[in-house]
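Those sequence lines, one after another, are chains Z and A.
All you need for the numbering used here is the position in the first sequence, starting with 1, plus 9.
Under the numbering used here, the second sequence has 166 at position 171, and the numbering climbs by one with no breaks.
Take the hints with a grain of salt, since some may be wrong.
Only pairs whose alpha carbons sit at most 30 Å apart, straight line, appear in this in silico BS3-like list of lysine-lysine [as the list claims (entries may be wrong)]:
1) A:LYS175 / Z:LYS132
2) A:LYS162 / Z:LYS253
3) A:LYS285 / A:LYS162
4) Z:LYS33 / A:LYS285
5) A:LYS175 / A:LYS162
6) Z:LYS132 / A:LYS162
To give a feel for the contact side, a few chain A residues facing chain Z, derived at Cβ under 7 Å [as the list claims (entries may be wrong)]:
7) GLY88
8) LEU95
9) SER108
10) LEU156
11) GLN258
12) SER260
13) ILE272
14) ILE273
Calculated directly from the structure, the hints in this document are not laboratory data.
Don't be surprised by glycine CBs; every beta carbon is placed ideally from N, CA and C.
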Amino acid sequence: MPKPHVYLLAALIIALGISHVSDKIDPYHLDVLTGIGINIILAVSLNLVNGFTGQFSLGHAGFMSVGAYAAAAFSLFVGPRLLGSAGGTAFQQGCLFFGALLTGGFFASLAGLLVGVPSLRLKGDYLALVTLGFGEIIRVIIQNVEFLGGALGLNGIPPYTTIFWVLAFVALSVFVVSCLVNSTYGRGFLATHDDEIASEAVGLNTTHYKIVAFVIGAFFAGTAGGLYGHFKMTITPTGFDFTKSVEIVVMVIMGGMGNTLGVILAAVLLTLLPELLRPIAEYRMIIYSLLLIVLMLVRPQGLFNFKLGKAKT
Amino acid sequence: MSEFLQQLLNGLSLGAIYALIALGYTMVYGVLRFINFAHSDVFMVGAFIGYYLGKLVPENTVWGGLVVLLAAMLGCALLGMIIERLAYRPLRGAATLNVLITAIGVSLLLEYSGQVFFGATPRTFPAVFPSANYAFGSLVISSNQILVIVVAALLMVALQLIVYRTKIGTAMRAVSLNPKAAQLVGVNNDVVISFTFGLGSALAGAGGILYALNYPSIDPLMGVMPGLKAFVAAVLGGIGNIPGAALGGLLLGTVETFVNGSQWSTYKDAIAFAILIIILLFRPAGLLGKFTVEKV
């Protein structure tokens, strides 16, 4: 089996290839593909926290909003100074966008650190509520910050997001998460998930692993937010609410917690589903919630998890 | 000074509603050890039962109001018991995370079914109780505020009597203490848990009516914020602790009203969560809760 680095390189080359022929792809399909990519990044990064490390976060949309706002603010306020009035070349814009995404990821992971620290003392449903609470606090703060547009949101974000950037970050997030959990160091995440007390008894610093999971998960959620903002060109604080967090959680659960391939499949399916269900759009969330309940009753290990004996959460 | 009293009164009437909802969270947590996310939507359904029934009874009469209140409590009790039977009972003994996710699923199901069947646009809640304002100097007390505080106090006393003076209440406390041991001495856990859900949901239904009387614009998502805040109230008082939930609700309602009346009013939705995070960091068992040590 080739090294994972080879896969990453191959994925990046494919991304570059697709972006070269993107003019020939139907714009609607390209939009759907971008949506799928952003959701894959969100689901794969949440899977590190909820799936592999066994912490239940309900605030992923909050991290996404931090990233989206930080990245958008970078492009809007710092960008013109760096590029000059002419707007810069495509290459310069690309570099700026990469910087914006990293800024988004950085601020989101800072927020992740803030959530990770109280999470040391909390488990299960308490943690779920604190992360939810953080998401809400972030929303209220953004609504009150004047230069971020307040409740109206930020408009006129340059449309830097191309299919190349989306696919590249999908590849990067999958690569980082799977390399991390498959490494010797990363076994700590799985151990924290399997039995926290036993892990501590053999000398693992579970707190450290939880925080690292939160910070890395939040980083990629932030970059996904940055991609989303530069794709939609406008962001509002209410766009990243509790419903969005639940949507990502459903992807992770449906894919099977701690199963990267399953989670990717679930993200693809759940992004396509609303497109296919467009005629009955008002029932979409009802179908989502029923799906969630039935899944927990019938197949708690996830739809795409075929390994036996891995149902423990 | 009168401004302070006015805010305190407004805070107490809001807090009484939070306390009613918080009691449902805390009782369910007491017997099943999980957060019933759907509780806030049972609260919403209570308000909608009141909305539809309110059109049938004559407005501004005490008996009409009482009929609406009792019907909402009954309807919500039934709904709570149905939810428990269909969604939570099959998962008894499953991992807590699975139950939590199911609860979120039930909550979303109620919210979005509500949006489809009741419509997403806000409705005006009918004035089922007669209302008047009484002025004491510059202090204005509305009859609805008095109603909220009186009804909430009566229901809390009734709850206290049920839990500490009746056979089923004893069984509830037994299940909360140790479900297996309760079963061994002949307690039917299923009946007790079902009853607990019914009781908690009835209180949420009453809370829904009282909330809608004071804030008469109702919509299918109206339960989300009061529900979350009531949960914070339950944690603040010490989850699983009935007097704690009442105390937490009153405290939170008062704090929130004072913040709303100050220059930081736009942050009023964040204050509950800030309190939640602080309390969980420094006193995770809540104000009246007892600390437990995790055993292997």
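Please write out, lowest number first, the hints stated earlier that are contradicted by the structure.
2, 4, 6, 7, 10, 11, 12 and 14
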